[in-house]
Amino acid sequence: MDFEFSLRTLILTKIAIQIYRHPDINTLERETREGIRFISAEKWEPIAKKKLSSLNLPWTIQREVIALMIPLSVEIGDRQYDHYPILDRRVWKPSIDYIWKENGTINRKETTKNFIKCESNDVLQRFRMAYVYWLEEEAKKLWQEMPETTRSSLSVISVCNCKLGWENIVKDWIAFIRSGTVDWRKHSFPRCLTWYCQGRVVIQSSLLQELSSNEQLYVFQEVMKEGIPTHTKTFCLTQMNEKMFENISKKEPAQVFKALLNRPFHSKFQDMVDRIFTNLSEKDFVNVLNEIICEKIRWKLKKL
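Sequential numbering from 5 applies to the sequence shown in the numbering used here.
You can trust all of the hints, since none of them are fake.
Calculated lysine to any residue pairs in the SDA-like style (CA-CA distance at most 25 Å, straight line):
no.	residue 1	residue 2
1	Lys262	Lys287
2	Lys287	Gln225
3	Lys262	Asn245
4	Lys54	Gln66
5	Lys105	Thr13
6	Lys175	Pro194
7	Lys47	Arg37
8	Lys190	Ser217
9	Lys54	Thr64
10	Lys229	Glu171
No lab work stands behind these hints, which were simulated from the structure alone.
Build out the structure end to end from the sequences listed, making use of the hints.
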């Protein structure tokens, strides 16, 4: 489900992205080990205002741009949350050059390709990113570049067959590479592709587009259930056609309601919410409101 954004919104978002990339903003986040959404506005807004002042924009426009920077911080935080287990990093902010879409969300596939191309990044981490994003050419190339000791360490990773994790995927991809099969589409993976695609990282990879419409619908139905991060569900909504959206809205109205609150749907929320209320019970509506209130409280407490 795609939406057209006004030229004004697209321009302001592009400016906000450029301001967010300012070295002083990056330094502040690295020193505080937090995104600007958790940093006092007194610390980061002066940096943004100084940069904006050189553009000679009206004050009202500057305020709109500054307001757009918080959602960008949320977007980065969501991506980091999803990738921490894969990158196995405990330090703040891996050196990643984010590729942004015009609607203010990260293009995860292109960002990952950049990360993989950067030879200064650890080869093991680059390989992990290649297979969870279903990038066959990159994964095979990195496998050949790895020392034998690194390959051996990957081969003995323990996995849990009861749930999906990056460990499951790496084991199965190593088996595929060692099989000598030219194309992964011709390889018999031990699990169905829809199982892999339910991972919150894999679902934003190249694999989703390889599935049939019925397979995609099945994946969306599973991911839209409780226990999956809301930002992952929001991504799913962007990939659905109208028929899929209607199907999911009837089965998981509360989850769809929450997902519509996020970018890029936030500006069209009012136009779409009436379709959700048809299927949303009063109890579910109250529960969603309570979740939103609790999240706002947690956010404010974290900024203290």
